[in-house]
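Put together the whole structure using the sequences plus the hints.
Top line first, the protein sequences correspond to chains A and B. Under this note's numbering, think of the first position of the first sequence as 1, with each following residue one higher. Under this note's numbering, think of the first position of the second sequence as 1, with each following residue one higher.
In short, the hints are calculated from the structure, not lab data. Among the clues, some could well be false.
As the list claims (entries may be wrong) - Covered stretches of chain B (in silico footprint by chain A; criterion: 3 or more residues with CB under 8 angstroms from a CB of chain A, positions within the stretch not fixed):
id : stretch
1  : 29 to 39
2  : 89 to 96
3  : 112 to 121
4  : 258 to 267
Model, not experiment: these values are computed from the prediction. C-beta atoms are modelled at their ideal positions from N, C-alpha and C, and glycine is treated no differently.
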Amino acid sequence: MTRATRTPPSQAQRAARFVLGRITFYVGSSLFAAFFVLPLLWLTVAPFSTLANLDLRLPDPWSLQNFERVFENGFAIRALVQNSMIQGFGAMLLVTLTATLAAYALSRANIPGTTAITYGLVLFSSVVTGTAAMVPIFLMIVQLGLIDTHLGVILVFTGGLLPAAVFIMRDFVDSIPRSYEESAMVAGASSWRVFRDIALPIVRPGMMVVGVWAFVQVWGGFLIPFILLRDADKMPASVAIYSFYTEAGTPLITLTAAYSLLYTLPVLLLYLFVNWRYGFRFFGGIKS
Amino acid sequence: MQRRPILSLPTGALFMLPAGIFIVAFILLPFFWIAAVSFTNRTLTGRTAVNPEFVGLDNYLRLFDASRFLNSGEFGASLLITGQFVFFSAIIGQAFLGLALAWFFFNRKGWIQNTVTTIAIIAWIMPDVVVAFAWFAFLNGDGGTLNQILGFFGLPTPDWLLDLPLVSVIIFNIWRGTAFSMLLFSSALGAIPPSYLETANVVGASTWQRLRDIILPMIRSHIVTALILITLWTFNTFTPFLLTGGGPSYQTEVVSIYTYRTAFQFFRFGSGAAVGMVMMIINLGFALVYLSLLRTQRRSA
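Pasting the structure below:
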């Protein structure tokens, strides 16, 4: 860091610096954009092509025949519109409701050590979930008689997602002023009524974010349904996509691409909706 | 600061009960189960499925058996692979690129910034199997998008998943997860009082000086949080399995895949649980190192 003498820059220097800054910005943005978009380009055009190859080229002619053939695969379609939906919405409801209740209690009751509890749980959950815990969870679900059921998958997802959901939700509840609830308390409302009629409507945006986040996690989750389900009729799309693979494990390229697009669409739309409605961002409190 | 609480303690406990049941059932119980089963020879079928025997430290000793610890496909080799995977894709890749993106687009609004961040977030929220398939096509040896581009510039076009499997999986994971640290660091940068940076501008600090002397110290705790979460997630991620299956010849077998293979391909639950315990201990180690870093920084601050 040379501390050269700093004379005020001349007009020309300032203009040069501005142009240079602009160029850096455009070049940098293009590089970042290229890094993230290139791996996805093929997937966005391949479903409309009649040629089954991995070259990136515009379809000629554009065709919907791949989608027609995907819709003929009843197993994969049922997985997408029925099983993934049941598991996704089931876990989303459970996670959102239980996390909101818990976060409200952590924020509004004087429970000692709440911050330590929430941080500890998030840390612990990211340590315990994952492949490491698949053995005991598999055995436990077998013992509960929930193997090969939607409920088993929903419960396991809920348990794994809850700590982070409580963490995010608590941030929301902490950010709402208590004055409304306090006035209602003075007016003699019960705790439950204060929660239901006053707090709940205010934290609804937070519940939306947590709900969407939980849905996206379950929607994309592969390992849990893969291990806990056996019956083809209950498989979600993340597992059913492999029905477009041959016995040898190579994908039928065009059909897999078309199905991938259909499978991605719901989470994409959900993200765009939340981003438009509430702004998709982190809230100030996510820090140690 | 002490106010009359809105919820009494018993009501608060009642509100926490449903979440508490889930957390006990699916996080605390599995932990103790893993701990217990890792000392037995439990399997899925056969005699030891019903009556597993206590085998003491056998499972652990077998994992760390020095004669083959580092052989391809064994635990030690898998740990080494995971170490490189986590270091390059999480610590260097995601954290650094996320910070670079957040810093690059800091205080810039407009469609360019929106487009780039949106694409990064889409890469982050897409289903695992779909991104794995997209990358399988992207990296394909003959005709994949990447090699089409490299070939256009006259550069070598390796068969990425066969010739450079670990590099491929590392770049894939950077691409996949950078949005998280980008979002985290963006919100951290947004929380820095603008007056600090204006003052720095007035005294003529260079970009690098502003980054080193103002921004990095102020977002230290965010960096630690990001590093903890990214490291843990990367250490436990199973997604490389969808891209390479751990191969070719175990070259991308990170420990999550090793656990999976031990527990569910061979159904040796005792050994699988022992791997799980070792993974948890390593994870806790990471978390403690980062947290202690944070604490010493706070004290010195």
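So, going through the hints one by one against the coordinates:
1. 29 to 39: With 6 residues in contact (Cβ-Cβ under 8 angstroms with chain A), the coverage given for the stretch 29 to 39 of chain B holds.
2. 89 to 96: Violated, because only 0 residues of the stretch 89 to 96 of chain B bring their Cβ atoms closer than 8 angstroms to Cβ atoms of chain A.
3. 112 to 121: That given contact holds, which follows from 8 residues of the stretch 112 to 121 of chain B lying within Cβ reach (below 8 angstroms) of chain A.
4. 258 to 267: That given contact holds, which follows from 4 residues of the stretch 258 to 267 of chain B lying within Cβ reach (below 8 angstroms) of chain A.
The structure fails hint 2 only (numbered hints given earlier).
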